[in-house]
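Taken in order, these protein sequences are the chains called A and B.
Heads up, the first sequence is in my numbering, so the first residue is 1 and it goes up one at a time.
Heads up, the second sequence is in my numbering, so the first residue is 1 and it goes up one at a time.
Errors might be hidden in some of the hints.
The list treats identical chains as interchangeable, and a pair is accepted whether it falls inside one copy or across any two copies.
[Unchecked claim] Listed next, the in silico SDA-like pairs over lysine to any residue satisfying Cα-Cα at most 20 Å (straight line):
no., residue 1, residue 2
1, Lys55, Leu70
2, Lys266, Ser123
3, Lys77, Val145
4, Lys252, Glu68
5, Lys394, Val64
6, Lys250, Ala355
7, Lys77, Glu245
8, Lys34, Ile366
9, Lys51, Gln136
10, Lys34, Lys120
11, Lys120, Asp354
12, Lys101, Arg144
13, Lys9, Ser124
14, Lys120, Ile366
15, Lys138, Met157
16, Lys360, Met1
17, Lys176, Glu245
18, Lys138, Pro108
19, Lys34, Ser248
FYI, nobody ran anything at the bench for these hints, they're computed from the structure.
All of these numbers come straight from a predicted model, not from anything done at the bench.
2 protein chains.
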Amino acid sequence: MRQSELFTKTKREAPKDEEAINSRLLIRAGFIDKAMAGVYSFLPLGFRVLKKIEKIIREEMEAVGGQEILMPTLQPKGNWETTGRWENYDSLFRFKSHYSKNEYVLGPTHEEIISPLLKKFVSSYKDLPRYVFQIQNKFRDETRVKSGLLRGREFIMKDLYSFHATEGDLHDYYEKVKKSYYKIFERSGIGQSTFLTFASGGTFSKYSHEFQTLTQAGEDEIYFCEKCRIAVNKEIIKENNFCPECRSKKLKKEKAVEVGNIFKLKTKYSEPFNLMFKNDQGEVKDVYMGCYGIGLGRLLGTIVEVFHDEKGIIWPEPVAPFRVHLLEFQTDAKKIYNSLQKFGVEVLYDDRKDATAGQKFADADIIGIPWRAIVSKKTGDKIELKKRSESKVKLVSEKELVKIA
Amino acid sequence: MRQSELFTKTKREAPKDEEAINSRLLIRAGFIDKAMAGVYSFLPLGFRVLKKIEKIIREEMEAVGGQEILMPTLQPKGNWETTGRWENYDSLFRFKSHYSKNEYVLGPTHEEIISPLLKKFVSSYKDLPRYVFQIQNKFRDETRVKSGLLRGREFIMKDLYSFHATEGDLHDYYEKVKKSYYKIFERSGIGQSTFLTFASGGTFSKYSHEFQTLTQAGEDEIYFCEKCRIAVNKEIIKENNFCPECRSKKLKKEKAVEVGNIFKLKTKYSEPFNLMFKNDQGEVKDVYMGCYGIGLGRLLGTIVEVFHDEKGIIWPEPVAPFRVHLLEFQTDAKKIYNSLQKFGVEVLYDDRKDATAGQKFADADIIGIPWRAIVSKKTGDKIELKKRSESKVKLVSEKELVKIA
Numbered sequence: 001m002r003q004s005e006l007f008t009k010t011k012r013e014a015p016k017d018e019e020a021i022n023s024r025l026l027i028r029a030g031f032i033d034k035a036m037a038g039v040y041s042f043l044p045l046g047f048r049v050l051k052k053i054e055k056i057i058r059e060e061m062e063a064v065g066g067q068e069i070l071m072p073t074l075q076p077k078g079n080w081e082t083t084g085r086w087e088n089y090d091s092l093f094r095f096k097s098h099y100s101k102n103e104y105v106l107g108p109t110h111e112e113i114i115s116p117l118l119k120k121f122v123s124s125y126k127d128l129p130r131y132v133f134q135i136q137n138k139f140r141d142e143t144r145v146k147s148g149l150l151r152g153r154e155f156i157m158k159d160l161y162s163f164h165a166t167e168g169d170l171h172d173y174y175e176k177v178k179k180s181y182y183k184i185f186e187r188s189g190i191g192q193s194t195f196l197t198f199a200s201g202g203t204f205s206k207y208s209h210e211f212q213t214l215t216q217a218g219e220d221e222i223y224f225c226e227k228c229r230i231a232v233n234k235e236i237i238k239e240n241n242f243c244p245e246c247r248s249k250k251l252k253k254e255k256a257v258e259v260g261n262i263f264k265l266k267t268k269y270s271e272p273f274n275l276m277f278k279n280d281q282g283e284v285k286d287v288y289m290g291c292y293g294i295g296l297g298r299l300l301g302t303i304v305e306v307f308h309d310e311k312g313i314i315w316p317e318p319v320a321p322f323r324v325h326l327l328e329f330q331t332d333a334k335k336i337y338n339s340l341q342k343f344g345v346e347v348l349y350d351d352r353k354d355a356t357a358g359q360k361f362a363d364a365d366i367i368g369i370p371w372r373a374i375v376s377k378k379t380g381d382k383i384e385l386k387k388r389s390e391s392k393v394k395l396v397s398e399k400e401l402v403k404i405a
Numbered sequence: 001m002r003q004s005e006l007f008t009k010t011k012r013e014a015p016k017d018e019e020a021i022n023s024r025l026l027i028r029a030g031f032i033d034k035a036m037a038g039v040y041s042f043l044p045l046g047f048r049v050l051k052k053i054e055k056i057i058r059e060e061m062e063a064v065g066g067q068e069i070l071m072p073t074l075q076p077k078g079n080w081e082t083t084g085r086w087e088n089y090d091s092l093f094r095f096k097s098h099y100s101k102n103e104y105v106l107g108p109t110h111e112e113i114i115s116p117l118l119k120k121f122v123s124s125y126k127d128l129p130r131y132v133f134q135i136q137n138k139f140r141d142e143t144r145v146k147s148g149l150l151r152g153r154e155f156i157m158k159d160l161y162s163f164h165a166t167e168g169d170l171h172d173y174y175e176k177v178k179k180s181y182y183k184i185f186e187r188s189g190i191g192q193s194t195f196l197t198f199a200s201g202g203t204f205s206k207y208s209h210e211f212q213t214l215t216q217a218g219e220d221e222i223y224f225c226e227k228c229r230i231a232v233n234k235e236i237i238k239e240n241n242f243c244p245e246c247r248s249k250k251l252k253k254e255k256a257v258e259v260g261n262i263f264k265l266k267t268k269y270s271e272p273f274n275l276m277f278k279n280d281q282g283e284v285k286d287v288y289m290g291c292y293g294i295g296l297g298r299l300l301g302t303i304v305e306v307f308h309d310e311k312g313i314i315w316p317e318p319v320a321p322f323r324v325h326l327l328e329f330q331t332d333a334k335k336i337y338n339s340l341q342k343f344g345v346e347v348l349y350d351d352r353k354d355a356t357a358g359q360k361f362a363d364a365d366i367i368g369i370p371w372r373a374i375v376s377k378k379t380g381d382k383i384e385l386k387k388r389s390e391s392k393v394k395l396v397s398e399k400e401l402v403k404i405a
């Protein structure tokens with residue numbers, strides 16, 4: 001893409017009321033825009049990153065047998081009364097129609113939709129297990145939103161729901177999804193700093209796990225075992241001051257961000273919706289359920305919290321908006337741009353005539369594309385190549401550039 | 001995909017309160033589910049069709065220079081007060097937070113977000129023109145919803161917005177998008193039955209056009225010229241009883257469904273948001289805007305209205321959920337399934353052991369995949385191949401099947 005055609009520009013300053021590192025950097029670099037507190041638009045660069053994250057998650061969900069659907073944002077009050085969450089769910093957006101008697105919930109999660117949906121198709125043990133997921137925007141009526149993309153009033157989630165005939169089958173699938181989550185975080189570049197931990201608080205804490213990523217901006221404080229890649233949170237550490245896996249007491253402490261959570265819901269939602277099946281003995285039983293979430297925007301924000309320096313973002317290659325940032329100075333790099341594109345390399349081509357060299361360098365640093373390639377009179381028929389994450393610069397030929405990038 | 005693993009099943013009956021042909025067929029075939037009146041989930045088969053339509057639209061939007069973004073559903077009251085639409089917009093979902101003073105709109109359209117967004121990046125004629133689009137769910141607080149996917153309370157839209165320095169430039173781009181819309185409807189299979197018409201009613205009717213598709217279930221009545229592929233609506237026909245292009249008076253009358261609309265907004269939204277630019281003379285001017293919508297669910301529903309028979313849906317090939325429906329009867333078609341997949345053919349493989357031949361035939365008809373391939377003891381090492389849209393059956397070899405399908 002030609003940067004002269006990109007409708008966004010970088011900014012010197014983030015909005016004054018924006019506190020989090022992730023959103024300050026993403027707004028300044030033109031990846032997102034704040035529509036209001038806790039609500040953001042994804043602009044072309046941010047949208048590209050979002051799509052890359054979405055692709056990784058979709059592939060891994062399909063690999064564990066997930067069938068993709070799309071459920072609505074608007075949910076009927078009745079379903080939430082059935083589960084008792086109309087009154088009890090924290091930060092629920094509830095509202096009435098102005099034209100009819102209808103009352104709605106803006107979905108913060110979809111157990112109230114997926115459970116009655118599956119009831120329409122599940123009646124026998126032969127219809128189980130089933131794995132269904134969606135990628136969709138969700139809503140929470142939060143009082144305070146100060147963490148940028150880490151906690152918003154509107155946010156994009158992948159939610160997978162699983163349905164089983166037995167608790168044992170739920171357990172086996174739960175362990176499979178756990179492995180799939182490690183893969184997702186690995187592929188997104190934060191594998192090294194992400195730990196599995198027992199979830200804190202809530203009724204279901206003992207049936208659920210969180211994936212926590214170490215960053216200085218995190219909302220939670222965790223104690224983790226580097227060897228086993230397992231963490232325990234503050235509440236649990238008081239009772240068990242050791243790693244649950246290797247029993248080592250050498251735990252490290254840090255603030256962390258939750259990037260995923262998985263729950264054994266068991267029959268909590270199948271019971272109120274009478275989601276039952278006949279087993280092979282002809283007995284009617286409740287379906288066992290699991291649910292598994294990842295916030296896409298939250299993951300994107302976490303990646304920025306982990307990978308940045310004082311100059312800007314440093315995207316891990318698999319989720320970068322482009323692979324190469326091609327800068328031209330007082331010369332025409334069109335030939336190299338075309339050649340990279342021909343070989344399928346994603347390039348942001350800074351062809352702007354009215355930007356100074358200083359502006360182009362600063363933009364490349366804040367946008368954070370993995371490879372920076374410079375073509376100028378000084379470099380002749382060579383290209384000056386540098387990784388965003390390193391300071392070493394080398395001169396390469398066009399052929400070498402295509403090979404490396 | 002193996003049909004035994006698909007979590008949906010076909011149904012004999014649609015819900016009693018569902019009147020429209022599109023939603024009755026789509027629910028019976030397991031493409032969509034009704035979460036409540038006017039609100040649907042897209043199930044695996046429906047989601048696949050939706051993604052195919054999305055891909056066609058995305059490609060054509062990129063071909064006219066569109067840059068993709070994702071704007072939020074939640075919009076602040078203030079922006080809607082700025083344009084005067086907080087009070088005046090028909091069927092607007094407006095509501096308050098339970099925890100703060102915030103008041104929100106659920107976006108039925110995005111001029112109130114995109115105009116202030118572009119203001120952050122446009123200041124000079126050098127920043128124009130700009131073309132920005134998104135594909136996202138939208139909301140209308142409708143009193144009556146009886147048309148299935150043709151008019152819902154929640155629906156998925158592609159909305160493109162264009163920004164120009166002059167009215168002439170807006171005009172030229174508007175004509176370009178018109179052609180792009182013809183391509184989209186052509187590629188979706190409804191090109192032959194879709195006509196351009198001047199929009200009916202509303203302030204902007206003289207600056208806007210609709211694309212109407214002929215179906216018996218339509219909400220509008222149009223008069224159309226088959227030769228020029230142009231239509232005029234009821235109000236206009238009274239004054240001008242002829243085709244605006246060729247002046248022929250041989251117009252045909254039918255009910256039709258609006259599948260797309262395009263508007264020259266001019267400065268209607270740039271003015272209230274002070275979206276201005278300096279022209280090359282240094283004068284400050286308002287930006288000219290256009291907007292261009294297509295409802296993806298509406299388009300999907302319209303395709304079903306146009307292409308069905310008494311037995312079920314007949315998908316046009318480019319938007320079909322699969323290309324081949326492979327049915328096995330008392331034999332194992334796994335080898336053919338694998339071979340088709342190897343050649344990149346999308347196959348739904350009816351490998352169910354407990355379904356009767358009659359059920360398999362009926363399911364193939366209602367689901368409506370373009371090619372039906374049957375493997376049974378009767379067909380030996382040949383495959384019985386039939387198009388959903390034709391009655392002719394022929395026996396082919398595995399090699400021929402891969403070639404044809």
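The hints, checked one at a time:
1. In this assembly of identical chains, lysine 55 and leucine 70 lie within 20 Å of each other by CA distance both inside one copy and across copies; the values are 16 Å within and 16 Å between.
2. Only within a single protomer do lysine 266 and serine 123 lie at most 20 Å apart by alpha-carbon distance; the minimum there is 17 Å, versus 56 Å between protomers.
3. For the homomeric pair lysine 77 and valine 145, the shortest alpha-carbon distance between copies (18 Å) is at most 20 Å, but the shortest distance inside one copy (26 Å) is not.
4. Taking identical chains as interchangeable, the C-alpha atoms of lysine 252 and glutamate 68 are never at most 20 Å apart, the minima being 39 Å within one chain and 43 Å between chains.
5. In this assembly of identical chains, the alpha carbons of lysine 394 and valine 64 never lie at most 20 Å apart, being 43 Å within a copy and 38 Å across copies at closest.
6. For the identical chains of this complex, lysine 250 and alanine 355 are neighbours neither inside a copy (52 Å) nor across copies (59 Å), given an alpha-carbon limit of 20 Å.
7. In the homo-oligomer, the alpha carbons of lysine 77 and glutamate 245 never lie at most 20 Å apart, since the shortest distance is 43 Å inside one protomer and 52 Å across protomers.
8. Within a single copy, lysine 34 and isoleucine 366 get their C-alpha atoms as close as 18 Å, which meets the 20 Å cut-off; across copies the closest is 46 Å, which misses it.
9. For a Cα distance limit of 20 Å, the shortest separation of lysine 51 from glutamine 136 qualifies both inside one copy, at 12 Å, and across copies, at 14 Å.
10. When the C-alpha separation of lysine 34 and lysine 120 is checked against a cutoff of 20 Å, the pair qualifies only between copies, where the shortest distance is 11 Å, while the shortest distance within a copy is 40 Å.
11. In this assembly of identical chains, lysine 120 and aspartate 354 lie within 20 Å of each other by CA distance solely across copies; the values are 19 Å between and 61 Å within a copy.
12. In this assembly of identical chains, the alpha carbons of lysine 101 and arginine 144 lie at most 20 Å apart only when taken from different copies (12 Å versus 31 Å within one copy).
13. In this assembly of identical chains, the alpha carbons of lysine 9 and serine 124 lie at most 20 Å apart only when taken from different copies (13 Å versus 57 Å within one copy).
14. Taking identical chains as interchangeable, the C-alpha atoms of lysine 120 and isoleucine 366 lie at most 20 Å apart only when they sit on different chains, with a minimum of 18 Å there against 50 Å within one chain.
15. In this assembly of identical chains, the alpha carbons of lysine 138 and methionine 157 lie at most 20 Å apart whether taken from the same copy (7 Å) or from different copies (18 Å).
16. For the identical chains of this complex, lysine 360 and methionine 1 are intra-copy neighbours only, at 15 Å inside a copy versus 49 Å across copies, given an alpha-carbon limit of 20 Å.
17. In this assembly of identical chains, the alpha carbons of lysine 176 and glutamate 245 lie at most 20 Å apart only when taken from the same copy (18 Å versus 63 Å across copies).
18. With identical chains, the CA atoms of lysine 138 and proline 108 are at most 20 Å apart both within one copy (5 Å) and between copies (17 Å).
19. Taking the shortest alpha-carbon separations for lysine 34 and serine 248, neither the intra-copy value of 45 Å nor the inter-copy value of 53 Å comes in at or below 20 Å.
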